[in-house]
Structures are given as C-alpha cells and as structure tokens.
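> Residue numbers (full-length UniProt numbering), protein chains in the order written: chain R, 1 to 288; chain W, 1 to 288; chain P, 1 to 288; chain S, 1 to 288.
It should be emphasised that the hints constitute simulated quantities derived from the structure, not laboratory data.
Think of the CB as a built atom: it goes at the ideal place given N, C-alpha and C, for glycine as much as any other residue.
Hints may be right or wrong, so weigh each one.
[Claimed, not checked] Which stretches of chain R does chain S cover? Using the computed rule of at least three CB atoms under 8 Å from a CB of chain S, they are: (1) 91-105; (2) 109-116; (3) 242-251.
Residues per chain, in single letters:
4 protein chains.
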Amino acid sequence: MSRMTDTWILAAQCPSILGTVDVVTRFLKEQHCYITELSSFDDRLGERFFIRAEFRPERETFDEQAFQENFLPRAADFDMTFELTAPAKRTGAVILVSKADHCLNDLLYRYRTGQLALDIKAIISNHPDLESLASWHDLPYHHLPITPDTKADQEAQVLDIIEQTGAELVILARYMQVLSPRMCELLDGRAINIHHSLLPGFKGAKPYHQAYDKGVKLVGATAHYINNDLDEGPIIAQGVEPVDHTHYPEDLVAKGRDIECLTLARAIGYHLERRVFLHNGRTVVFGN
Amino acid sequence: MSRMTDTWILAAQCPSILGTVDVVTRFLKEQHCYITELSSFDDRLGERFFIRAEFRPERETFDEQAFQENFLPRAADFDMTFELTAPAKRTGAVILVSKADHCLNDLLYRYRTGQLALDIKAIISNHPDLESLASWHDLPYHHLPITPDTKADQEAQVLDIIEQTGAELVILARYMQVLSPRMCELLDGRAINIHHSLLPGFKGAKPYHQAYDKGVKLVGATAHYINNDLDEGPIIAQGVEPVDHTHYPEDLVAKGRDIECLTLARAIGYHLERRVFLHNGRTVVFGN
Amino acid sequence: MSRMTDTWILAAQCPSILGTVDVVTRFLKEQHCYITELSSFDDRLGERFFIRAEFRPERETFDEQAFQENFLPRAADFDMTFELTAPAKRTGAVILVSKADHCLNDLLYRYRTGQLALDIKAIISNHPDLESLASWHDLPYHHLPITPDTKADQEAQVLDIIEQTGAELVILARYMQVLSPRMCELLDGRAINIHHSLLPGFKGAKPYHQAYDKGVKLVGATAHYINNDLDEGPIIAQGVEPVDHTHYPEDLVAKGRDIECLTLARAIGYHLERRVFLHNGRTVVFGN
Amino acid sequence: MSRMTDTWILAAQCPSILGTVDVVTRFLKEQHCYITELSSFDDRLGERFFIRAEFRPERETFDEQAFQENFLPRAADFDMTFELTAPAKRTGAVILVSKADHCLNDLLYRYRTGQLALDIKAIISNHPDLESLASWHDLPYHHLPITPDTKADQEAQVLDIIEQTGAELVILARYMQVLSPRMCELLDGRAINIHHSLLPGFKGAKPYHQAYDKGVKLVGATAHYINNDLDEGPIIAQGVEPVDHTHYPEDLVAKGRDIECLTLARAIGYHLERRVFLHNGRTVVFGN
Numbered sequence: 001m002s003r004m005t006d007t008w009i010l011a012a013q014c015p016s017i018l019g020t021v022d023v024v025t026r027f028l029k030e031q032h033c034y035i036t037e038l039s040s041f042d043d044r045l046g047e048r049f050f051i052r053a054e055f056r057p058e059r060e061t062f063d064e065q066a067f068q069e070n071f072l073p074r075a076a077d078f079d080m081t082f083e084l085t086a087p088a089k090r091t092g093a094v095i096l097v098s099k100a101d102h103c104l105n106d107l108l109y110r111y112r113t114g115q116l117a118l119d120i121k122a123i124i125s126n127h128p129d130l131e132s133l134a135s136w137h138d139l140p141y142h143h144l145p146i147t148p149d150t151k152a153d154q155e156a157q158v159l160d161i162i163e164q165t166g167a168e169l170v171i172l173a174r175y176m177q178v179l180s181p182r183m184c185e186l187l188d189g190r191a192i193n194i195h196h197s198l199l200p201g202f203k204g205a206k207p208y209h210q211a212y213d214k215g216v217k218l219v220g221a222t223a224h225y226i227n228n229d230l231d232e233g234p235i236i237a238q239g240v241e242p243v244d245h246t247h248y249p250e251d252l253v254a255k256g257r258d259i260e261c262l263t264l265a266r267a268i269g270y271h272l273e274r275r276v277f278l279h280n281g282r283t284v285v286f287g288n
Numbered sequence: 001m002s003r004m005t006d007t008w009i010l011a012a013q014c015p016s017i018l019g020t021v022d023v024v025t026r027f028l029k030e031q032h033c034y035i036t037e038l039s040s041f042d043d044r045l046g047e048r049f050f051i052r053a054e055f056r057p058e059r060e061t062f063d064e065q066a067f068q069e070n071f072l073p074r075a076a077d078f079d080m081t082f083e084l085t086a087p088a089k090r091t092g093a094v095i096l097v098s099k100a101d102h103c104l105n106d107l108l109y110r111y112r113t114g115q116l117a118l119d120i121k122a123i124i125s126n127h128p129d130l131e132s133l134a135s136w137h138d139l140p141y142h143h144l145p146i147t148p149d150t151k152a153d154q155e156a157q158v159l160d161i162i163e164q165t166g167a168e169l170v171i172l173a174r175y176m177q178v179l180s181p182r183m184c185e186l187l188d189g190r191a192i193n194i195h196h197s198l199l200p201g202f203k204g205a206k207p208y209h210q211a212y213d214k215g216v217k218l219v220g221a222t223a224h225y226i227n228n229d230l231d232e233g234p235i236i237a238q239g240v241e242p243v244d245h246t247h248y249p250e251d252l253v254a255k256g257r258d259i260e261c262l263t264l265a266r267a268i269g270y271h272l273e274r275r276v277f278l279h280n281g282r283t284v285v286f287g288n
Numbered sequence: 001m002s003r004m005t006d007t008w009i010l011a012a013q014c015p016s017i018l019g020t021v022d023v024v025t026r027f028l029k030e031q032h033c034y035i036t037e038l039s040s041f042d043d044r045l046g047e048r049f050f051i052r053a054e055f056r057p058e059r060e061t062f063d064e065q066a067f068q069e070n071f072l073p074r075a076a077d078f079d080m081t082f083e084l085t086a087p088a089k090r091t092g093a094v095i096l097v098s099k100a101d102h103c104l105n106d107l108l109y110r111y112r113t114g115q116l117a118l119d120i121k122a123i124i125s126n127h128p129d130l131e132s133l134a135s136w137h138d139l140p141y142h143h144l145p146i147t148p149d150t151k152a153d154q155e156a157q158v159l160d161i162i163e164q165t166g167a168e169l170v171i172l173a174r175y176m177q178v179l180s181p182r183m184c185e186l187l188d189g190r191a192i193n194i195h196h197s198l199l200p201g202f203k204g205a206k207p208y209h210q211a212y213d214k215g216v217k218l219v220g221a222t223a224h225y226i227n228n229d230l231d232e233g234p235i236i237a238q239g240v241e242p243v244d245h246t247h248y249p250e251d252l253v254a255k256g257r258d259i260e261c262l263t264l265a266r267a268i269g270y271h272l273e274r275r276v277f278l279h280n281g282r283t284v285v286f287g288n
Numbered sequence: 001m002s003r004m005t006d007t008w009i010l011a012a013q014c015p016s017i018l019g020t021v022d023v024v025t026r027f028l029k030e031q032h033c034y035i036t037e038l039s040s041f042d043d044r045l046g047e048r049f050f051i052r053a054e055f056r057p058e059r060e061t062f063d064e065q066a067f068q069e070n071f072l073p074r075a076a077d078f079d080m081t082f083e084l085t086a087p088a089k090r091t092g093a094v095i096l097v098s099k100a101d102h103c104l105n106d107l108l109y110r111y112r113t114g115q116l117a118l119d120i121k122a123i124i125s126n127h128p129d130l131e132s133l134a135s136w137h138d139l140p141y142h143h144l145p146i147t148p149d150t151k152a153d154q155e156a157q158v159l160d161i162i163e164q165t166g167a168e169l170v171i172l173a174r175y176m177q178v179l180s181p182r183m184c185e186l187l188d189g190r191a192i193n194i195h196h197s198l199l200p201g202f203k204g205a206k207p208y209h210q211a212y213d214k215g216v217k218l219v220g221a222t223a224h225y226i227n228n229d230l231d232e233g234p235i236i237a238q239g240v241e242p243v244d245h246t247h248y249p250e251d252l253v254a255k256g257r258d259i260e261c262l263t264l265a266r267a268i269g270y271h272l273e274r275r276v277f278l279h280n281g282r283t284v285v286f287g288n
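Make the full structure from the sequences, and use the hints.
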C-alpha cells in the first residue's frame, strides 16, 4: 500500500472508560508522531473500545522499543492491549491449501507484486498438486497427506512448521479440512479461512447444490477467523455475485471462485494493515 | 414500462421435448406476430422447458380469444401450460401489511406513477396504522385484527376480499404474520413475500440481532413466493447492502429497509411482466 | 439514527500541524465527554486535516455554549474551523423540485419516518404539480414559475424563502434548473444536487440517450454540492445499477430513478450527520 | 463452461422482418436439434434483430458442414449473417500486453484452468518484462519494442503474427499503446480492450488523478471493442468498486486492477460464448 511506506500503525483495544482516546493521542503527540489516519469505535453493547492510528514520526529517528516501553504503563492503566506495526513490516504467514488453486494463485500474485505485505514462510497441502505453482514463486511446499488415522500427526507437523518458521498468520486458502479443536484454539485470532458461501446459509456438504435447489439469485463468500464453531467464526469480509437460473451447481461453484479470491484477499489485507479487531467472537473492521 | 405499450407477452412451460420452441415461434409467425424479445431455457436437471416471448401483432386487429383458442391444441400436444398477457394489462392485487410502512409507501409510489402495472384492489392490515396512507392514494383499507383465537376467521375474511375483488396477486409487504398451510396452498404461486434477511441465514426471531452477533458485513433481502416451508419459498429476487461494526441491530434494520423496498418492487415487476416461472419449488426468472 | 439519541458531534478541519488530533481529544476528555466514534484523516496532497467525533457527555448537564466558548481559543491556535451538533438537532432545509417527484417522495417518506433529521421549512417548485404531495405531509409549497425573463426575480424569491426560514441546507431534488453563479456562491457548501448520471460522463442534454448510444452496462447517479462548474461540484455519494441492451433511453431513465433516490438520501444523511467535509473543491466523507 | 460440453451455439443477426425467429427455430427443429437456451432481441431504434441459440443435436451424428450449407439459403432470404460454434471450440487468440501483468496473470490462470475456451497463440509485448510469466505457461512470447519511428513496422509484425497463427481474437490486456486507424479497421469487432475507468468519464492521461481531484466514490473499468474513436468503442462489460477519500491516485490505480481483471475476463467469456453482437457501434450482450 503506497500510503504505508512511511507510516506506523498503532492498534489497541480496552474496556470502555473515559479517556481511552486521549491516552493514545496524547502519547503520540508527546512522541512527536503525526497522526495521518485515526479510527476509534466504542461498542455500546459490548462495552469495548477499539482504536487504530496511522502515524508518521516527525523526528529523524524513531525508537520502536522505547516507544513500546513508554506506552506500556499508560496502556496498563486502561487494561489496554496494543500492537505497534512498522512501515516495512511483512507479516510471516503459512498458507494451507488442498487441490483447488484459485485462491492460492490469486494470493501469490498479490504477494509477488507487493500488494499484500506478506512474508510467506511455507505452503502446506494434503495433496501434491500445487507444488509447481509454489516452486515458480520460489516458495517451500510441504506435502503432508492426511487420513483419519494420521490427522493428529499431520496437524502436529503443520504446527511444527508454523512454529519453526515463526509464522504469525495462517491462511486457509480452500484447505477443505476441519481443524481439530486444539488446533483452532492454538490459532485463535490468527488463522483466516474463506468459506464458499454466505454464512450462515448453506452450511455442510454441497452448499452450491443447496443454493441451486433454492433458486438463489446471489452467491457469496465469507472470510472469517477460524474457531471451534465450524464455519461460524468472526466475520472479516463478505462479498456477493449475482447469478440466475442458467447457473447449474457447477456454474455456481465457478462463479463463487472469483468472489472467494477477492474476499479472502480483502480480509488478509485488512488483517495485515491491522484494521481488524477481535473481541468476544465479534470483529470490528476499520475498512476502507 | 415504455417498451410494453404495444407488445403482448406469451409465457409458457412444459416438459423437455424436441420442438418446444418451434411450436411457439411458428404459431406466432402464422398469427403475424413480430417477436421483439424472446427467452427460453431448458432445465437439464429438472427436464423442464420455459419460454417467454414479447411480440407485436403486425395486423391492425388482434383477436385475443381466437389466439388462445388456436394455440390451445398445439400447446396440448406438448403438455404445455401458457398465459397470454395484453399490453394494457394491469394485474389485480391485494396488499397485506402490518405496521411497517416502508414497502407499502414504495409500492404505492410506483403504482401511482405507473411503474408497476398493478390494479390495487385493497390494502389489508391487522393494524389501523396505515389507513391514511391508503386513503391518500384513494385505496380501500381493511383493518382486520388478528389474535390466536381469531386467526382462522381473519384469514377467511382476507380470502373473501381476494376472491370478491378478483385479485390475481397477493403482496405481503412486511405483513409479519405466518399464513396457515391452507392459505399458503390456496395462494400457491401468486403470493409474494419479502423476507428481511438473506435466506436461508438468520431465520426465526430477531434476525438482525443474530446478524449483529456474527458481525456480518452485508445485509440483504429476499423476495419469494410463499409456500408451506416458512420463509423458504422459491426465490424471485435478492439484494444486499454493505454494513459494518457501527451498525447496531436497529441500524441493520434501517439499512435493510431500502433493500427490502427495492427487492420487493423488482420481484413484483418481474412477476407482472411474466418473467417468473415456477416449477417444483424452483424459479426461472428471465430478468433484465 | 438510533445511535445519535444521546451523542453530540464535533466536526472540524484545519491545516496539517502536529497536535491536531490531540487538541480535540484532550479537550473532550477535559470536558468529561466520552468519545463513541472518532475518525480523522490527513490529506497528504492537500495538506489538510479533518476530524469528526461522536461523543456522550458523562455529566448530567452539558453546557453547549460554554463548550463552544472554551474550545474557540484552542481551535484558533490551529486555525481550525469547527461545528458542534446537538443530538436532537434537526437541520432546517428547503427542497427545490420541478415536476419529477421520485426524489421528493422518497425524501418526504424518510423525513416523516424520522430517518433523516430534517426540519423541512418549504418546498419550492417552478411547477404546481407536486403541491398535493407537499400538503399531505403538511409542508408549505411555493410555486415560483421561471422564465428566461424572470429567472433573476425567481432566484431572489427562492433566496428570500431560504433566508426567512433560516434554512441551513438546500436540496435540489431534480430541480432541472441551472442556478446563477451568484446563487451558487451564496449556497456554497450547503446545497446538494443529484445528477442523473455518473459524473463526469454524459454531461449536458439527454444523458440517457448518450448512454444508450454507447451501449452502457451500468447507469449511475452522483450527489454533489453545487458550484459554478455546472454538474461538476464536489462529490458526496455515487451509486450504480446494471442495465443491458433491452433498456431503451426511457428505461434507463426509469432505472436511474431508484439509484437517484438512494444516492441523494445517502448524501443528505451524511451531510446531516456531519460526515462530509469540503475543502478546495474536494470532499472527505467519513461514511458508514 | 460445464453447460457447453455438448451444446452448439448458433448466433445470427439481420434486419427486423417478420419471421426472423421462426427461420432459425424451424430449421433447428428440422435438423433434430434441441434448443437448450435461446435469446432474441429486436432493437426497435436500430431496426435490427439478434438471436443466439444453444442447442444439442438429438441424433448420434451432427454434420457441421451440411448444417451450414443447408442454413445458408434460408439466412440469405433474411439478409442474415450467422456463425455456428462447436462445443469443443477454443478460439485462437493473441494477447497484447505492456509491463503491467495483472490482467495477463488473471487471463492465463483462467486459460490454464479451462475457464476461458481460449487457444492462446502468442503473447506480444513492447517490453520484455512478462516473458517469464508466459514461459511458465508454455506460451510463445514476442518482444516487439515500439518507438514513434518504428510504430508502423511493429504493427506490421503484430499483424503478421495474428495472421500466421490464425488468431480470431486479439486481447489488449493493458497494452497501453494507441493502435493506428488501419490496425483498428483490420481488427474491427475482434479486438477487446480494457479501459481503466468507466467510460466516457476520465479519458486521456492520468485518469485516476482526474478521479481523485473530483473526489469520486466509485472507480470502474470498461471492456470494449476497439475502434477508431480512441477508448470509445462499443461496450461489452463494465464494473465498479467503491472508494473513499483515503484512496490517493496510486490507491485508485490499485483498486482499479481487480475490477479491470474481472471485467476483461467477463467480456472475453461473453465473446467466446458468442453472447456479444455488434452492429452500428452498439453491442447487444445476452449475458448471464
């Protein structure tokens, strides 16, 4: 993103208390940081405060560690969690795929052209099919087959790779496997899935056949954080495309692909730019 | 509709057999009718054929009754049902409402300005609130209250009005009442409902609260024929609007209103122009 | 708007200087005001800062005048202009129309149901056609015909009504008249027009015929502040609808009506909620 | 397209005369061809008739040449031009690019996965940058640099490749070069361009800067056949994406890329499925 080449991001959340905005903005001013974009929202029902600031240090040098250390006690007064993100930050990520390549192809294109500030550590698949796509992009590809018997082992291997590579983000780009509850827990808030339908409609098997039988006029996709409630995690982004009676189930699938790619890419972009906040199973997304 | 002032519509459906298109188009040519717009579709899975032709008689006089009588035996050969609609046709309709007036206001505006070729016979409500709106448009308003005890009686009264006025179409413009199975059956294929959400998601009570809890980024509306499967009838039209975290449930409701109005009006327009075909619980809509 | 029943709005803009956010947020905290929603943006190219805060006073009493007087010197330090808007504020408005009633009907519906916090002072038209619509809503209607000879006089009468009623906002709801440069200047930043096309395409006469000749697949509408550059004022909101070859120019006009209504209503809502900032011919819109 | 694996397409156009539909549908029946999808439209203003039929031969064998020869005299009676397209038909195409790779990457993905029934003969560019992308897909890449002095020669080389490969379609996937009038004429009706804006707005240089200066809230893309009127050819497909004030010109460019890819791919799909008809500078598109 062009506008992020010289701007840092401070993202924070805490309970709703008088002074939440001021504690952030006053500190930024004291640190001689110029705020270029600011969004805050107080969730009246959840009694939770969210803030995101893009800022540009006005002085030649900016000491990231000092900034964090100085802000820590102030944030503590508000029981505030925060994250500081550098302009050049590229978030380490592992991508899980199966056989379908449309989302992976789209992500790798955006990665290669710098549209998504990702540092892709590995691509993992339970099938060998997408290895050549990965290798064209010079990315390591791990073929980790999965059977009912080996599922626990395979997940352990996946977690190993995530841990060893230090990946902060896990992207399920049409992975087609249900993650175990333990894995969901370990990846809470940092694994993004794309679901091939508008949630919560048409869950379960053959969603596009269900949609066809209802004669739907719109197909959609939902990008969400995974959680234990299968296909029901907190929503980050959604998209739709019009369809009509000439679309048989296989055509709905094809129509769905474009909107899946776009919706997943948008959700990842929001995550990387620290526009997404998660609290109690709901998201706040300062989109644009 | 400007383009319909001199064009008739022939709409038909039948099982998939060789010659289905030809039996219609050959007859129209013999009758010296010029086809201005034609759409046909053969549903491979349902093995059902649908056709809609707009045509302009080339001769000074056009004998509607003779046309129908002459076409009847040919249609019979294909087990084809058909409907001929005159250019000036205004479809008789009864509108059912409750207290919410946004859809009614929108429909009456389109009725008054000739955008919808309706002949509104009556407006029926279980509440008195919308009487003045009806009377400003010089339309009869029937206040028929409903309680669990009087539901059967009230439905009988509603059916009486539909029958006595000869209404062909029943519009449920946010009626908020569940129709009895018998009523659904009697109105099969000629009662259009607008559902305040994207089906099949968020059924039941407080759909917008459910949507809020999931953090949805899109709200929608679905216009469909009613059937015994509550809120699950064949879909005619759907629409969506983007929302974000700043939309509390009551804001989602407000956002939903615009898309409900537009989606219901579009569905009614398609029905009036005989663009909608119903077969085995699915619709074919030759939209534009 | 549900969320505004207890929240005030402070909207401000000034040149880009370090501390712009802090001067606002610190003051709000000192005044014991809890910020429920905050957006700020610094236009890098225009070197201009914009901020909008929704806040809720935490103390029983809130002295509007004292708030303004106390903030004035601080704002002055930043050459900042600001506006404070009370929760119950309904903005006085005059609506200009011609013969087409779709936008007026839509606005009056939203006005009557409280969706738009307007205090409609008068409806002015160069034609008598829409008087009954106004009178059903108990609103004064001024029929001020216009001819080339009387244009100056008529505009003077319009300005008189605006002045005498104290209207802060002027809405051109398909007024179809070109305002004189002087009138544009007097209404700078407070007159919203709806243009029957996506600007800057298809300006001038018969835009829908031009669109038809190009075979466009989308029609749109643009709501903008008027200025001397006819139909080229700063854009507040835009919308589109898909069309196809079956839409003759008169059908494009009909399709355009819905999107004109929605786009104008959205722009007015943004204006009333002080989400729109104007500077050097560009808008910043903190939409939702 | 799944639904095309066993269906042929007959597309035709002629002046508006009684019997235009019948001459097509009667012939198809005589040839024992079952029509699965039919669309016809009569342009009242242009007095021109367009028809597209998808059909499935009912007999084991289907003699393409005999079909054409038999239909020819009947079509001649109506001054009708027509084209018969086989189910397995893959249209030979040459793709012209410059340095930007987003549209090419998208097209090659769809080509490789069979979403677009293309037979890509060559990729031609005035720059060497995209050679590796072409070679990964095993496609010939011709680097033909262009300068004001060599433009005529370069175009001759491009035309040579088109001719020698027998390419029927030329795709300008962000080629960034103005074709000479002669080249436009030679490629009339078979060269598709993607324009980085909604036409006719923001023509000429730096369209996204123009859009930024107007404060647009939507960016779009237009796919059209090229003609001598630069960037003003007959429109095949258009798309839009919402933007706001945080989008600087370079962000508008980035936002535009996605919609350019999708719009170009949709237009090519329509062209390949013979859904697009061209007459007197206007298109009729039987989309879905």
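> For every hint, state whether the structure bears it out.
Hints versus structure:
no. : hint    : verdict
1   : 91-105  : holds (count 3)
2   : 109-116 : holds (count 3)
3   : 242-251 : holds (count 6)
When each numbered hint is compared with the structure, no violation occurs for any of them.
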